[in-house]
Structure formats: structure tokens, C-alpha cells
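For chain A, the structure is supplied; the task is to place chain B on it using the hints.
Chains A and B, in that order, are what the protein sequence lines are. Mapping the first sequence onto my numbering, position 197 (from 1) lands on 197, and the numbers just tick up by one. Mapping the second sequence onto my numbering, position 60 (from 1) lands on 60, and the numbers just tick up by one.
Wrong hints could be hidden among the right ones.
To be verified - Okay, derived cross-link-like pairs now, DSS-like style, lysine-lysine, Cα gap no bigger than 27 Å in a straight line:
#, chain 1, residue 1, chain 2, residue 2
1, A, K181, B, K122
2, A, K189, B, K131
3, A, K189, B, K47
4, B, K62, B, K169
5, A, K181, B, K11
6, A, K189, B, K145
7, B, K110, B, K13
8, B, K145, B, K131
9, B, K122, A, K189
10, B, K145, B, K122
11, B, K110, B, K122
12, B, K131, B, K154
13, B, K145, B, K169
14, B, K13, A, K189
15, B, K145, B, K47
16, B, K154, A, K189
17, B, K154, B, K110
18, B, K145, B, K11
As the list claims (entries may be wrong) - Partial selection, computed: residues in chain B whose CB lies under 8 Å from chain A:
#, residue
19, L44
20, I125
21, G128
22, K131
23, V133
24, A176
25, D178
26, V179
27, I182
28, W183
29, M186
30, V190
31, E191
32, D192
33, Y193
None of these hints come from the bench; they were simulated from the model. Since we're looking at a predicted model, the values are computed, not measured. Yeah, the Cβ is synthetic: ideal placement off N, Cα and C, and Gly gets one too.
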Amino acid sequence: MVSDRVGSPPASPAADHRGRVWEPSQGSHNNRTEIRVGGLGGQGIILCGSIIGKAAAIYSGRHAALIQAFGPEARGSACSAQVIVADAAIGYPYVRHPDILVLLSQDAFVQFSPQLKPDGLVLYENELVHPEGKLPTTARSLGIPATRFAEELGRRLVLNIVMAGFFTGATNLLSIDAVEKAVVDSVPKGTESLNLKALMKGYEYGRGLVTPT
Amino acid sequence: MDRDGFPRVAKLKDGSSVEISLASAADGPALLDFYRLLSDEDRLVLKDDVTTPGWLARFLAKLASGASTSLVARADGRICGEATLHRTLHGWSRHVGEIRLSVAADRRGKGLGYALATGVVKLAIDLGIEKMVAYLVESQIAARKTFERLGFRKEAELARQVTDLLGAKRDLFIYANDVSYIWAAMEALVEDYSSHEGH
Numbered sequence: 001m002v003s004d005r006v007g008s009p010p011a012s013p014a015a016d017h018r019g020r021v022w023e024p025s026q027g028s029h030n031n032r033t034e035i036r037v038g039g040l041g042g043q044g045i046i047l048c049g050s051i052i053g054k055a056a057a058i059y060s061g062r063h064a065a066l067i068q069a070f071g072p073e074a075r076g077s078a079c080s081a082q083v084i085v086a087d088a089a090i091g092y093p094y095v096r097h098p099d100i101l102v103l104l105s106q107d108a109f110v111q112f113s114p115q116l117k118p119d120g121l122v123l124y125e126n127e128l129v130h131p132e133g134k135l136p137t138t139a140r141s142l143g144i145p146a147t148r149f150a151e152e153l154g155r156r157l158v159l160n161i162v163m164a165g166f167f168t169g170a171t172n173l174l175s176i177d178a179v180e181k182a183v184v185d186s187v188p189k190g191t192e193s194l195n196l197k198a199l200m201k202g203y204e205y206g207r208g209l210v211t212p213t
Numbered sequence: 001m002d003r004d005g006f007p008r009v010a011k012l013k014d015g016s017s018v019e020i021s022l023a024s025a026a027d028g029p030a031l032l033d034f035y036r037l038l039s040d041e042d043r044l045v046l047k048d049d050v051t052t053p054g055w056l057a058r059f060l061a062k063l064a065s066g067a068s069t070s071l072v073a074r075a076d077g078r079i080c081g082e083a084t085l086h087r088t089l090h091g092w093s094r095h096v097g098e099i100r101l102s103v104a105a106d107r108r109g110k111g112l113g114y115a116l117a118t119g120v121v122k123l124a125i126d127l128g129i130e131k132m133v134a135y136l137v138e139s140q141i142a143a144r145k146t147f148e149r150l151g152f153r154k155e156a157e158l159a160r161q162v163t164d165l166l167g168a169k170r171d172l173f174i175y176a177n178d179v180s181y182i183w184a185a186m187e188a189l190v191e192d193y194s195s196h197e198g199h
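The following block holds chain A by itself, in its conformation from the complex:
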């Protein structure tokens, strides 16, 4: 495997990160995987976490728990979702030391990266989050220009769905079929088509980073 620690950011992330695949077995007892999605209100953080949880619990036959936290303002205040995915019932639904961080703001990175497990994975929006040199050498990180992708698709609103796809492609924790169903189940009628395009954009980008050439 190729080291992808962020102390020396690669000129070509896709090339340097190839071959790195998240292994769900890295999660602790009962394949418990702790995920924290963090960003700002208005970025669809809670929906992103909810889609991951639904894909696991409803469409993959696993167990999932979601805790959401948001600030006093509708937009711009800190917001995060804690998602647990496990093979057995979840007794404690809070994320203490995330295996995976999905980050859409620098503030969220500053707040949550110290809690990351030593061998944890950080998935980040690379125009909004700059983790360079600020993670332990054992941690891994993968960035995606999700905002640009969402804008190219015609709606910046689908940024969070691009990130859900990126999560799916980069981690192998959930099948893309399950996440597709969770997206269709979660978004308003009439927006499914564009949201699925956003999901696939993120998914393919994520696969491209972790699939050996």
C-alpha cells in the first residue's frame, strides 16, 4: 500500500492514493465503524449521515445509529452527524473515536480530527478543508473537489450527496446499490435523477482513488 499521509500532499491525489482501500474490519467489536460527518449548517451534513445510516440499516441488513447536532442558526453554524454502523445491536450510539471522518469545513476538521483513531480515514472536501500536515502519520486522508462537482452538475445543493458517493467509493463499507436506494428514499421527489448523478460522481471519484491501476 502507498502511504498517503497528508504531510506531503501529492501533486496528483488520484495517483498517490491508488491502492488504498478502507477495510471495514478495522472497526472494533462487531465490526463497529464510527463515522463523524462534520461541516456547516446548510451543507446537508445531517442528510449525508442519514443516507449512510439508512443504507446500512435498511438496505444492507446491518445496524446503524445516527445522532445529529446543529447550532442555533439555520445556516453557517457548526453541524455534525454521528453515525455508527455495526453487525450487532448498538448499545452506545455516540462516536468517541471515529474510524472515518467526512469533513466539509475547516472548523469541523479542527474540532474532530484529534478524535480520529490513529489509523483512521479522513474524507474531505478539498476546497473547504486543508488537512495538510495536521494529521498523525498513521492516519489516511482522501480529498475530493465535491463543491466543483456539484456546481458542474448544476446544483451546489448536492454537495453532500457527492460526499456520500465519495464515502461509498472510498471505503467499501456499503454497497453502491444500498446507498443509491437510500438516496432515492431520502431526497424530494423530482430531484432523484440529479442526486443520483451526484452520488455516482462522488462514488467514481472515490473508486478511482482507491483502485489499483
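Only chain B this time, still in chain A's reference frame:
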């Protein structure tokens, strides 16, 4: 399959099938053939003289620029229907798209117009169009029903706006479908906020 799930096969009410695909420059000659086969009466309700090479050049330029997005239906090796979304890429009506629809006479009444219109409405929503309009003459009863099934409603009526082949004056209806609520629902969903819940 190219973008947006096209081409796709649509089954019509009479059991026949047509292939619906995104129009490209390669469809130009077949499109001209399609329009030239329409009757004078059918062409009268179209905004442009669609039988000329000049029209085709302008149409293809709009396709290339993104100002137009078009679907064509093919059966038996020829185009038998076309639906186009026209939009302005800047200005105060950039959120509005106009839909134009034409179906060959021998394919009418079989659901092809509805299939094409449905496809182009979905493309419009994905492109961020918030309001769609269609200009329909009072005599285009089937087309009006097709658009009504898709949520369009008559928003304006221009009396005696159209002169038909016999010289009679007809009313022109502007049908509109405001789909901004669809993405407003998505905006609400990504707000990450509830007035009833908190930390």
C-alpha cells in the same frame, strides 16, 4: 448509454417502440427531413421555419452552447418526434425554460408526445430550470392535455394571436409549470436545522 440515461426505449400505446436519445449535430439532416414531412398546418404553429438549413445551423449552435437541449425519438430509421428545451443562459429569465414539442402525424395519440415531454421536463429540472413554459394554440388540444398531465397550467391567454392557414385568428395559450418547489424541498432538507431540536 450517454448522459441522463439516454438513449432509452419507450413503449407506445399501440405496442410499438421508439428509441429516445439526446439530439446531437449528427441528427441534423434527419431532423430537417422530419420537419419537412410535417404538414403545412403543423408547421404553422411552430415559431421558426424549421425546413431551412439556416434554421438547422442556428439550432445546432444552440445545442452546442447549451442554450438548447433536445430529445429525438427514432423508429424505422427515421426521426418521428422531437422535444426541445430552450433557455437563456443569462439575464432575468435564466431560470425559465421553454419547451417545444413535435410528433410525426402517424405517431400521434400513442403516448410519444408524453414520453418526449416527460424526458425533457426531467432534463430541465436537472439543469436547474425552475419554471417551464409552453406556447400552445387553442386548437392543439392533445398537446395541451399532454402538458397538463405533466403539471402545466394555463397561465396566460393571448387573444387572436395566431393566424391559421385559412386566415382565422386563434388564441395563443401560455402554459407554465413552476417546479421551483421541488428544489426548495431539497434546500429545506439540507438546512441542517430544526427549530424544535438542538444540541
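Hint check:
{"no.": "1", "hint": "A:K181 - B:K122", "in the structure": "holds (19 Å)"}
{"no.": "2", "hint": "A:K189 - B:K131", "in the structure": "holds (16 Å)"}
{"no.": "3", "hint": "A:K189 - B:K47", "in the structure": "violated (33 Å)"}
{"no.": "4", "hint": "B:K62 - B:K169", "in the structure": "violated (31 Å)"}
{"no.": "5", "hint": "A:K181 - B:K11", "in the structure": "holds (26 Å)"}
{"no.": "6", "hint": "A:K189 - B:K145", "in the structure": "holds (22 Å)"}
{"no.": "7", "hint": "B:K110 - B:K13", "in the structure": "holds (5 Å)"}
{"no.": "8", "hint": "B:K145 - B:K131", "in the structure": "holds (18 Å)"}
{"no.": "9", "hint": "B:K122 - A:K189", "in the structure": "holds (11 Å)"}
{"no.": "10", "hint": "B:K145 - B:K122", "in the structure": "holds (18 Å)"}
{"no.": "11", "hint": "B:K110 - B:K122", "in the structure": "holds (20 Å)"}
{"no.": "12", "hint": "B:K131 - B:K154", "in the structure": "holds (13 Å)"}
{"no.": "13", "hint": "B:K145 - B:K169", "in the structure": "holds (22 Å)"}
{"no.": "14", "hint": "B:K13 - A:K189", "in the structure": "holds (26 Å)"}
{"no.": "15", "hint": "B:K145 - B:K47", "in the structure": "holds (20 Å)"}
{"no.": "16", "hint": "B:K154 - A:K189", "in the structure": "holds (23 Å)"}
{"no.": "17", "hint": "B:K154 - B:K110", "in the structure": "holds (24 Å)"}
{"no.": "18", "hint": "B:K145 - B:K11", "in the structure": "holds (19 Å)"}
{"no.": "19", "hint": "L44", "in the structure": "violated (34 Å)"}
{"no.": "20", "hint": "I125", "in the structure": "holds (6 Å)"}
{"no.": "21", "hint": "G128", "in the structure": "holds (5 Å)"}
{"no.": "22", "hint": "K131", "in the structure": "violated (14 Å)"}
{"no.": "23", "hint": "V133", "in the structure": "violated (18 Å)"}
{"no.": "24", "hint": "A176", "in the structure": "violated (16 Å)"}
{"no.": "25", "hint": "D178", "in the structure": "violated (12 Å)"}
{"no.": "26", "hint": "V179", "in the structure": "holds (7 Å)"}
{"no.": "27", "hint": "I182", "in the structure": "holds (4 Å)"}
{"no.": "28", "hint": "W183", "in the structure": "holds (6 Å)"}
{"no.": "29", "hint": "M186", "in the structure": "holds (5 Å)"}
{"no.": "30", "hint": "V190", "in the structure": "holds (3 Å)"}
{"no.": "31", "hint": "E191", "in the structure": "holds (5 Å)"}
{"no.": "32", "hint": "D192", "in the structure": "holds (4 Å)"}
{"no.": "33", "hint": "Y193", "in the structure": "holds (4 Å)"}
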